[in-house]
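*Asks:* Spelled out, the chains give:
There are 2 protein chains.
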Amino acid sequence: MADGFAATPEPPYYAVIFTSQRGPGDQGYEAMAKAMWELAHQQPGCLGAETARGADGLGITVAYFTDEASIGAWKQNGQHLSAQRFGKERWYSHYELRVAKVERAYSGPEGRRG
Amino acid sequence: MADGFAATPEPPYYAVIFTSQRGPGDQGYEAMAKAMWELAHQQPGCLGAETARGADGLGITVAYFTDEASIGAWKQNGQHLSAQRFGKERWYSHYELRVAKVERAYSGPEGRRG
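Which chain is which? The protein sequence lines are A and B, in order. Note that my numbering numbers the first sequence so that position 32 is 48, with each residue one more than the last. Note that my numbering numbers the second sequence so that position 53 is 69, with each residue one more than the last.
These aren't lab readings, by the way, just hints derived from the structure by calculation. The structure displayed is predicted, hence computed values, not measured ones. Each hint should be verified, as a subset may be incorrect.
Since copy identity is lost for identical chains, a pair holds within one copy or between any two.
Stated by the list, open to error - Dumping the calculated SDA-like pairs for lysine to any residue here, alpha-carbon to alpha-carbon at most 20 Å:
#: 1; residue 1: Lys50; residue 2: Ala71
#: 2; residue 1: Lys104; residue 2: Glu126
#: 3; residue 1: Lys91; residue 2: Arg120
#: 4; residue 1: Lys117; residue 2: Ala18
#: 5; residue 1: Lys104; residue 2: Asp83
#: 6; residue 1: Lys117; residue 2: Gln37
#: 7; residue 1: Lys117; residue 2: Leu63
#: 8; residue 1: Lys104; residue 2: Ala49
#: 9; residue 1: Lys117; residue 2: Arg106
#: 10; residue 1: Lys104; residue 2: Ala51
#: 11; residue 1: Lys50; residue 2: Leu113
#: 12; residue 1: Lys91; residue 2: Ala71
#: 13; residue 1: Lys50; residue 2: Glu26
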């Protein structure tokens, strides 16, 4: 698997799609984002994550989980709850969070995976 | 709805999550990406899209559709098929494409949407 990609298994599994617009200034964001990235990956049921943020401050992070219960546990993680509070108060001018069940997946360019 | 976000309705609907690693050089990518972005939005059943690509060339684009049939029609669109071919041959060192059914959605920081 190439760097930056989550090595997810055959579907079905879940995706948490978090699209966010950063406001100006760091305000502790980078350090917390790095900590949350590492913490998410240690979370039971986490299959990996992918993230990208452009120069305009719009970013998309997709975290993959085995099931809904794992997503619920991650949402309620104490350190993550703190990060969510900072996100609402300081970091994001807007965000959209969508929970979706992955039904099919392909990879390339070497060929279809599924 | 803030710039850069898709104004999606209440779930359920579908998300096509496309994570890709760009190779070096433009090779016609930017012009085609812009054309495909516009074409996708004109596609019947397309609810909008969100995209971000970091300085490392890793990008995530999520396009939202009302149903599976609309995704199938977009996949088979003639201009899109050409773009897919260029993507495999020239632009992407790796990509992952996942089709997922959005079950729940929230927005913020002003509050939960659903």
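*Asks:* Take the hints in turn and mark each one as holding or not.
*Replies:* Tested hints:
no.: 1; hint: Lys50 to Ala71; result: both (18 Å within a copy, 17 Å between copies)
no.: 2; hint: Lys104 to Glu126; result: between (41 Å within a copy, 8 Å between copies)
no.: 3; hint: Lys91 to Arg120; result: between (25 Å within a copy, 14 Å between copies)
no.: 4; hint: Lys117 to Ala18; result: neither (23 Å within a copy, 25 Å between copies)
no.: 5; hint: Lys104 to Asp83; result: neither (26 Å within a copy, 31 Å between copies)
no.: 6; hint: Lys117 to Gln37; result: neither (24 Å within a copy, 23 Å between copies)
no.: 7; hint: Lys117 to Leu63; result: both (13 Å within a copy, 18 Å between copies)
no.: 8; hint: Lys104 to Ala49; result: within (14 Å within a copy, 32 Å between copies)
no.: 9; hint: Lys117 to Arg106; result: neither (30 Å within a copy, 31 Å between copies)
no.: 10; hint: Lys104 to Ala51; result: within (17 Å within a copy, 34 Å between copies)
no.: 11; hint: Lys50 to Leu113; result: within (19 Å within a copy, 25 Å between copies)
no.: 12; hint: Lys91 to Ala71; result: neither (28 Å within a copy, 29 Å between copies)
no.: 13; hint: Lys50 to Glu26; result: neither (27 Å within a copy, 31 Å between copies)
Taken one by one, the earlier hints fail for this structure at numbers 4, 5, 6, 9, 12 and 13, listed in ascending order.
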